[in-house]
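J.: Let the sequences and hints guide you as you build the complete structure.
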Amino acid sequence: MKSVLVALSAGVALVLTACGGSPTGGNPSTGGPGVPTPPAASLTGAGATFPKPYYDAANFAYNKKFSQVNINYGGGGSGAGISQLTKKTVDYGASDVPLSAKEAAAMGGSDKVIQIASTLGTVSLAYNLDSVADGHLKLTPDTIAGIFLGRITKWNDAALAADNSGVSLPNQDIHVIHRSDGSGTSYIFTDYLSSVSPDWKAKTGGPGKSITWPTGDGAQGNAGVATRITQTPGAIGYVELAYVLQTKMKQAALKNRDGNYVIPSAAGATAAATAFIGSSPSQFSIVNASGKDSAPISGYSWIILYKDQADKTKGTALVDYLYWLTTAEGQSYAITLHYAALPSSMASYDLLALKDVTSGGSALLSVS
Amino acid sequence: MSKGSGDRIFRAIAYSAAALILLIAVVFVIALFIPALPAITKFGLGFFVSRTWDPVRIQFGALPAIYGTLVTSAIGLLIAFPIGLGAALFLAEDARLRFLRGPLSFAIELLAGIPSVVIGLWAFFVLTPLMRDSVDPFLKHTLGFLPFFQGSASGYGFLTAGVVLAIMVLPIMIALSRDVIRAVPRSLREASLALGATNAETIWSVILPYARVGITGAVLLSLGRALGETIAVTMVIGNRPQITSSLFASGYTLPSVIANEFTEAVGDVYLGALFYLGVVLVLITIAVNVIARLLVWRFTRGETVSA
Amino acid sequence: MSLPLIRTLVDRLVAGLIVLCVSVAAVPVLVLFLFVLINGLPGMLTPGFFTDPPHPQGVPGGGVLNAIIGTLEIVGIGSLLAVPVGALIGIFLSEYGRNQIGNTVRFISDVFTGLPSIAFGIFGYTVVVLTTHHFSALSASVALAVLMLPVILRATETALVLVPNSLREAGLALGAPRWRVTLEIVVPAALGGIVTGALLAMARAAGETAPLLFTAFGNDIVQTNPLQPMGALSLTIFRNALVPYPNLQQQAWAAALLLVTLVAATNILARIYVRRIQR
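Protein chains in written order, with numbering that gives the first Met the number 0: chain A, 0 to 367; chain B, 0 to 306; chain C, 0 to 278.
Please note that a few of the clues may not be correct.
What the hints assert, rightly or not - Cβ pair distances, simulated, as ranges:
no. : chain 1 : residue 1 : chain 2 : residue 2 : range
1   : C       : L16       : B       : L293      : 50 to 58 Å
2   : C       : T130      : A       : K247      : 40 to 48 Å
3   : B       : A286      : C       : L190      : 30 to 38 Å
4   : B       : A73       : A       : N170      : 52 to 60 Å
5   : A       : D110      : B       : I57       : 20 to 28 Å
6   : B       : A286      : A       : S281      : 45 to 53 Å
7   : B       : V55       : A       : P169      : 29 to 37 Å
8   : A       : T312      : B       : A286      : 44 to 52 Å
9   : B       : V25       : C       : V58       : 45 to 53 Å
10  : C       : I37       : A       : D172      : 27 to 35 Å
11  : C       : T130      : B       : S15       : 35 to 43 Å
Just so you know, the hints here were simulated from the structure itself, not pulled from any lab data.
From the three backbone atoms N, C-alpha and C, an ideal C-beta is built for every residue, glycine too.
T.: Next up, the structure:
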């Protein structure tokens, strides 16, 4: 038996050494002009599902470009991004809402963290109704609040019918689908509801990543909400535009602040962002924007990391990657997936922020 | 090396292995209990009666999740108990169709081995539409006067989760009841048959009364499994912390709250509340399992139970 | 002897009900297997399913290589941790465990058997992830090892207890010390039972999802370093099922078919082994 044990422990050692080597093979490739070549590293991130399709595509491309860097983005919701970064179980967190003062304090204070905007997107209201074609359902701030407060429970409710003449709304129950996880998409959506409906604000306590919903079912992640909507006749829910377009769900036209009905689009998100000058982690809300084309439920998505990186190699790989994400090349993957490119002012803000990231006192990003 | 010292070393190794599991148990308790403390001190026993689950206002109560766990498990057992008992009687008793026993036992073992995520996948894509379009409307139509079968049905919720749990506990229910029924002394049933009782009468008045305690144990062990089932239930329960009489409505269970919210909980109290739910879940399942094992063990007299 | 009609009828009715129960119990098994097979096969036959990691939405192709490697490695390391320890505790129980300590160990093991699988995930998270500050395959292996332990130790004890005492006495009579008798006579005689227990435990561990959610975390990249986050078949099924893309849902079904095959094969292997030994 002893010999068996020795053999077993040798086996453990063998497996551990066999697996413990370099995570990647091949020689490091070099970047194009202006893009730094990162050192070999495995990075783990968690958080927002709003930009996940974009991150997945970009990470895949970055790994093709620099095979020495593996980035594992696990999603999990914005709440997970912040919570796991606080516990330092991930290398970076992603959230559609910048840190609150309390959350920043839990990370050691707002001067200990860097927050950069990675993309700009917009939230759609997707529905599952056979009789109403894509884009033909018109929703106003009042009817959206009514539905999510549980006051409008039938599709042929008088309030909905009033805005939708010519559309045959069925006598069917409305199944509201919301997020069950702590979600930046929820934050953006409830931020919008709180700004257009005092009732909503009073009833739920204002915007939040996890809130107590007056009605409806919870589903995990943007993808989970999208799946539940496609599975349930009569369902309505809020999801990031990319999920709507990729799954060919139907989405509603939303009445914006200027009184126009707009179909959420990347251009609508850009228009909303332009209505707010000088957005930053402390001035991040761009919901209910003015402007005739503005998509009313838009928002930036953020990546959060510690200013002082304990591991210099990992830290360098991380800032190199994040910088690439904000360049035209990185942003091109966002545009393909119907997110809006970062406004140039925001990209410059990101570059300045990333230059502040240090390890052992020296800056990690070598970009002029 | 003398003969005695070898024995002493071996003994020491064996004892330290035994000590290791005790250590793991202690660490387990600490790992679950300590992080729960912020919530335990803040909410105390009020946690068990509060219906609020509000991360914005940092107010948490376990009642909706406890309710969901109990209701779904009860539905699961209500369905699985008669079916499981019948199937167990067939496997242990029925002399007819004997050739079916082998394949049937095998099928049930296979069902027991199907990972819960696969059952969840099937339930998510196959069972929920079936419940929404056929079963729920039928129940609404025939039993709609009862408060359990009212309201709008999306296919997700207590009833669907209960059906999923029934499928998941059936193998345990059948295997344990079968063992218990087989442990009824042959002489008893032969005496009954010799006295002229029919098979059905023998089952009703001899076997079931004799096996009652053991079958109760089997039901409790199934209950233990149902209470703690996580993934398959999470996929169909609807994830809404509410208490309502309608079984069509969405709910939440202790394990599914933890599975959904554990990685994202920000702040000691929110995370603590999830650990607190974990403590509640673990205590309930331990209590149920201990009672069940005592009953089954007393009945089969110490033969190891394989579930 | 003729029975009153009513008694015969009741007897028939009960027999009929019992057969009905059996059919109702068998239906879910058949339906489940059929669905998994029909929905899983097309995805499994897609080129790259076994050889590629997942691709992001929009990039064609992609497979579950990350998850196959992950499941094998996580369960493998878990077994390396659990099998020796579990077997040793089993030896302790059968050879030295007829006392209060033995009963306590048995009780704890039974309690662990009944714990919800998500509790093991919480354990792995607090004990390994929070202390190492990293999600990792290792933390998942630790969680699964604790989950496997009771199965292995009980199987070992049962197998050892079944070894006839005459064997032990013969060894001792030849003058061998007790530890050599145990290791060289008793354990080999019971090896079949121990291996079966280990295989059953591995089958159960391979199918688990809840203990992996907060430990292995998932990884779309093929990762073999146990200190890094790692994918697993069960995680692929869970995550892809909840995603609205048909190609990923197809992948979930295919992964389910693969996982069910893997688990069933391990279970059947264990049973064949038992039968061979019992002969």
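J.: Hint by hint, note whether the structure agrees.
T.: Hints and how they fare:
1. L16(C) x L293(B): 50 to 58 Å: This hint is violated: roughly 31 Å between Cβ atoms.
2. T130(C) x K247(A): 40 to 48 Å: holds (46 Å)
3. A286(B) x L190(C): 30 to 38 Å: Between A286(B) and L190(C), where Cβ atoms are some 37 Å apart, the hint holds.
4. A73(B) x N170(A): 52 to 60 Å: Distance hint for A73(B), N170(A) is violated at roughly 34 Å.
5. D110(A) x I57(B): 20 to 28 Å: holds (26 Å)
6. A286(B) x S281(A): 45 to 53 Å: holds (50 Å)
7. V55(B) x P169(A): 29 to 37 Å: holds (34 Å)
8. T312(A) x A286(B): 44 to 52 Å: holds (50 Å)
9. V25(B) x V58(C): 45 to 53 Å: At roughly 49 Å between Cβ atoms, V58(C) and V25(B) fall inside 45 to 53 Å, so the hint holds.
10. I37(C) x D172(A): 27 to 35 Å: With Cβ atoms ~32 Å apart, the hint holds.
11. T130(C) x S15(B): 35 to 43 Å: Roughly 22 Å apart at Cβ, these two residues miss the hinted range, so it is violated.
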